[in-house]
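**Student:** For reference, the chains in residue letters:
There are 4 protein chains.
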Amino acid sequence: MSANSFGTLFKVITFGESHGKALGVVIDGCPAGVKFDFDLIKANLDRRRPGQSSVTTSRQEADIPVVMSGVFENKTLGTPICIVVENTDQKSADYQEIKNSPRIGHADDMWKEKFDHVDYRGGGRSSGRETLCRVVAGSVAQMVAQQLSAKIQVKGFASEIGPYKLTPAELATVWKQNIDSYPTRFPSLKNNEIVTMLEQAKIEGESFGGVVELRVKNVPAGLGQPVFHKIKADLAQAMLSIGAATAIEIGEGFSASEIAGQEFHKESHSAKYGGIRGGITTGEEIIIRVAFKPTSSIKDTAKKGRHDPCIIPRAVPVVESMAWLVLTDHLLWTRLDKIESRF
Amino acid sequence: MSANSFGTLFKVITFGESHGKALGVVIDGCPAGVKFDFDLIKANLDRRRPGQSSVTTSRQEADIPVVMSGVFENKTLGTPICIVVENTDQKSADYQEIKNSPRIGHADDMWKEKFDHVDYRGGGRSSGRETLCRVVAGSVAQMVAQQLSAKIQVKGFASEIGPYKLTPAELATVWKQNIDSYPTRFPSLKNNEIVTMLEQAKIEGESFGGVVELRVKNVPAGLGQPVFHKIKADLAQAMLSIGAATAIEIGEGFSASEIAGQEFHKESHSAKYGGIRGGITTGEEIIIRVAFKPTSSIKDTAKKGRHDPCIIPRAVPVVESMAWLVLTDHLLWTRLDKIESRF
Amino acid sequence: MSANSFGTLFKVITFGESHGKALGVVIDGCPAGVKFDFDLIKANLDRRRPGQSSVTTSRQEADIPVVMSGVFENKTLGTPICIVVENTDQKSADYQEIKNSPRIGHADDMWKEKFDHVDYRGGGRSSGRETLCRVVAGSVAQMVAQQLSAKIQVKGFASEIGPYKLTPAELATVWKQNIDSYPTRFPSLKNNEIVTMLEQAKIEGESFGGVVELRVKNVPAGLGQPVFHKIKADLAQAMLSIGAATAIEIGEGFSASEIAGQEFHKESHSAKYGGIRGGITTGEEIIIRVAFKPTSSIKDTAKKGRHDPCIIPRAVPVVESMAWLVLTDHLLWTRLDKIESRF
Amino acid sequence: MSANSFGTLFKVITFGESHGKALGVVIDGCPAGVKFDFDLIKANLDRRRPGQSSVTTSRQEADIPVVMSGVFENKTLGTPICIVVENTDQKSADYQEIKNSPRIGHADDMWKEKFDHVDYRGGGRSSGRETLCRVVAGSVAQMVAQQLSAKIQVKGFASEIGPYKLTPAELATVWKQNIDSYPTRFPSLKNNEIVTMLEQAKIEGESFGGVVELRVKNVPAGLGQPVFHKIKADLAQAMLSIGAATAIEIGEGFSASEIAGQEFHKESHSAKYGGIRGGITTGEEIIIRVAFKPTSSIKDTAKKGRHDPCIIPRAVPVVESMAWLVLTDHLLWTRLDKIESRF
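Chains as they are written, first to last, in my numbering: chain F, 4 to 346; chain A, 4 to 346; chain C, 4 to 346; chain Z, 4 to 346.
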């Protein structure tokens, strides 16, 4: 079944356990002739990689992508693109003890319940390591989207980390910010304070949740499909398929219930809609927020130093990647909307 | 394409414009031998129907379902089940003027942008009327789910309507409440107050958003699939595919970021997880919340009396139906989990 | 599951039992703006209809198509097109006796084995009546294909009926022939002889098989997809999904094994390839042949006069319809081949 | 899109160009707990491998499968199984000249037409090398099928090679024969004669087509789905998706038209049906025949010695593999037939 595939036209299937030989992705549905930017994949993987700063796990994973198929002379062939990342830091021994004592907050017991036979060496498919496949696929999606619609931009950042929240003033600056220059990806002067909090948490086996906010600029109007594939529905599935994600808001989201209709609908072109009306992009900025619970690798279950005290900084490129997958799928989908094609 | 279908194994495809000849649904993937409860469909349609109380639109639609196929001698045949509801209250004339003046907050202009040729007579597929197909399909899903797992129960209710919010005490009583005995489906002594507010809003062309909360009891552990079809991902897509939905939370949702990990993960069996861990049901109560924006049919665009001042009461059976669709799909899906089947 | 759907982009789902309330089809994936030719559907249904001549069953079925959705002001909306045909000649009583005595050569016992609960009143979904949905859907596909590629033509005809076979000279004339002017759809002076044979067979409860040959002219080059969706693979599935079909040949087909390679591949542009190379259309004439076994309604199982002594004449529009479905699916699919779209 | 995937529940996606880094397959939908027989994969690959005898191409490809995911402690995990085979004999230089002179009978020009940007180094995805992925996937399917239904057996063999045809007497012995003991896989005393013919053809750049016949024994009754996924339809798609395949017959196939109905349908349990009635397996022996055209690598286009004078011997394991894929898909599918599951 399609349990491990995502997307309708730009179809992505991922494979690989966290402690198996390799993880990878096959993309079936990438058009031929897309200029292939291998460095983009590596750059995005580096942004997701553990060990990139003091606020992430100190585990080191090289994460070297190898293109197996679908690309020739730097362009896509129209055939399936398979990209594989071998696992190198497979310290299975570390996890041997887990075999009979599932970690609280993890899904080990659920998978056992479901499949009987599971890979107990560190989560298997339910490990956060699985998200690297999303970043690889999302990077290819980005190449496609930006060739179809050159000015489209996606920008994710941390808008909440534990008790910290970006202020409206800070939120107003995000398009001008170099998000990656903040180890927390929380674009605020509070960054250093949060770094200290997370370093402390790492020592104490504490962890924090947070919110990743995502903006999309210069998206063509008209993306999204009737009824079940509204673009907000596909974004919701995309984001809630990420391991620790617990909620998503589009535009006003939960605050929408606090505003009466005459105020809410005063103008057609309002950020309140989050760039989506009737499930279809309006061409205005898309605004979504994705909440994550605190990392479950805590205290005794967390190997000292080998856990993320907060997943948010590393979740940013994952959320961006899922957004690219949805956008690219729908960009291609509009080719089928009318008897006269748009692209 | 599958723009109008939902589900993987219990596959539902809906059709019909709000002012066309009929709406309906085809279910491809319902097993043979399911006892067919036609009255359940009618009862659920009545719960969604406009005109059921003073707080909903006064439009009257009979909504009579007709089974075209797939059922014989009160049992399903294993063949596609088609159920059609003819449109009777097609006052297209009312909408003729809309042709050249799209309504703010509606999606008319978006659809025009997308398809060029659209049904301007009242939203076509983007009309809320489309949701009746979901209720029909969800009712069939309920029949299947309750035959596979007799004790499973789904209960939706309004937990926020405009400025009103259920208190923790009120939330604790919901399983004992007869939700439908409240015209607002907001199980609280405040119900009358809200009725007055909504009747007033109907007169003034004002509208309110809110939140539908959904609980699922006695769900088997082990529902959900790896990575992209985590049950929370499928629930998110299901709910955000509803017209006015703007957000979804699973368990703690956005509050999850406010609790530190050692507190959050203190116990494996916690309502904080919302009954889902690793994307898989734990067997504990599922808790989700879906936010809706205020109805966009307001002021001059709303025909006097012919709009819903708040969609929440009528959204409750729709949210329940989408939940049944997801649950049934995943109940069937577990049959494929292991080489020795579970069912 | 998708047991009752066909196609990838131009997705067709059919429903309805032969003795239920209605049969019908939903098309999900028809672009907006297609000029809708309702008369074409009626004309093609008439070509498939029983009782159209002395060589077909004398059962009379009106087969009146009703468009439920997806069409407005004579153009498609881009939403699902549902078309329903009610059953009027449901003489279930005729079939009551079948309940406990499955007919040899029919599939009743197979369905019983599979589903336990079946519609014994005349085959249910395994009845030949199911093919009317294919003709309805194929007619819509034809509208789409001919708007995408105006000169494309599909022509089916009987090339074998029982012991009769078209001669090479007769085969050479088929594009000039009005096939429907022959009750047998066997374009030959032998037509009358065959009519006599079939009328006699009808009286005696005898039946004959045969071959439908199909030609496609002016098809664009480049239709078909890599590996599993070669156009010949999709045509094979399409044709072998028809009830009584037992075989399919593309181009030389089984004769290909009788010709040595140097002769076979002497020229690139050869009818031997049947218009398909590497699974992709070359732009040359497509030639396929579909074999059908003799009708299984014979002798005691056949109601006097109420069976087809040979299904071939009525199979011609069904084979054509399946071809249109495949062609249209692949015409749309080419829109996704390259980063610069073709259509 | 799903251009490179096959199957509905046991879903297989293949990737890789003949001269790229690797070929491989991902299986999404294999249940957990299947005993994994790696040697079966290697054995079947060896049966397909070039260079295995004097009648096949002398190209040598090691074809070493590497399991990347989905298997742990010799059992399947229920997660996607990825198996990769690296290309080692990539003599691209040999093919450089092909860049501007497409080979007659090959699909190079078709792919160029379709995708603009293609891999000219030897067919890319349209190379016969692609079939090794089918053999890998088919071997896994075989493991699943034989655990679900222990006695099921699949047996393929050459029944025609160029001018040679198995006699009825020879056909009657096939279940007792060790097919692989014949280099031609044509189980007849004529084997040596054919070997001589093919060795000569290899020298002269000549080639021959033929027919692979396939039998399936001890298959459960009830496999196949209504209407579009009749098992014969899925088998037809499976077989016609193989590069050089030109035709398929089920049971009597084209001969069915030569037998009158009263004779044809004399008994329910007849080899004439080929083990399939109403598109559903009867439990009797399945009999199908697949025709292949002569290899197109001939004369000047064929590198001396590096072409197959007849693809039939090496096509046998490919046809068997495609059969296993279809059978396993449908074995799993029956789990969804009824509200009470069969397995």
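Wrong hints could be hidden among the right ones.
No copy is singled out in the list; a pair is fine if it fits within one copy or between any two copies.
Each computed DSS-like pair below joins lysine-lysine, with the alpha-carbon atoms no more than 27 Å apart [what the hints assert, rightly or not]:
| id | residue 1 | residue 2 |
| --- | --- | --- |
| 1 | K269 | K115 |
| 2 | K220 | K38 |
| 3 | K45 | K24 |
| 4 | K24 | K38 |
| 5 | K154 | K341 |
Just so you know, the hints here were simulated from the structure itself, not pulled from any lab data. Owing to the predicted nature of the structure, the values given are computational and were not obtained by experimental measurement.
**Student:** Would you mind marking each hint as holding or not holding in the structure?
**Tutor:** For each hint, the structure was consulted:
1. In this assembly of identical chains, the alpha carbons of K269 and K115 lie at most 27 Å apart only when taken from different copies (21 Å versus 52 Å within one copy).
2. In this assembly of identical chains, the alpha carbons of K220 and K38 lie at most 27 Å apart only when taken from the same copy (22 Å versus 36 Å across copies).
3. Taking identical chains as interchangeable, the C-alpha atoms of K45 and K24 lie at most 27 Å apart whether they share a chain (20 Å) or sit on different chains (19 Å).
4. When the C-alpha separation of K24 and K38 is checked against a cutoff of 27 Å, the pair qualifies only between copies, where the shortest distance is 19 Å, while the shortest distance within a copy is 30 Å.
5. Proximity of K154 to K341 under the C-alpha cut-off of 27 Å is found in both arrangements, the shortest distances being 24 Å within a copy and 20 Å between copies.
Every hint from the earlier list agrees with this structure, and none is contradicted.
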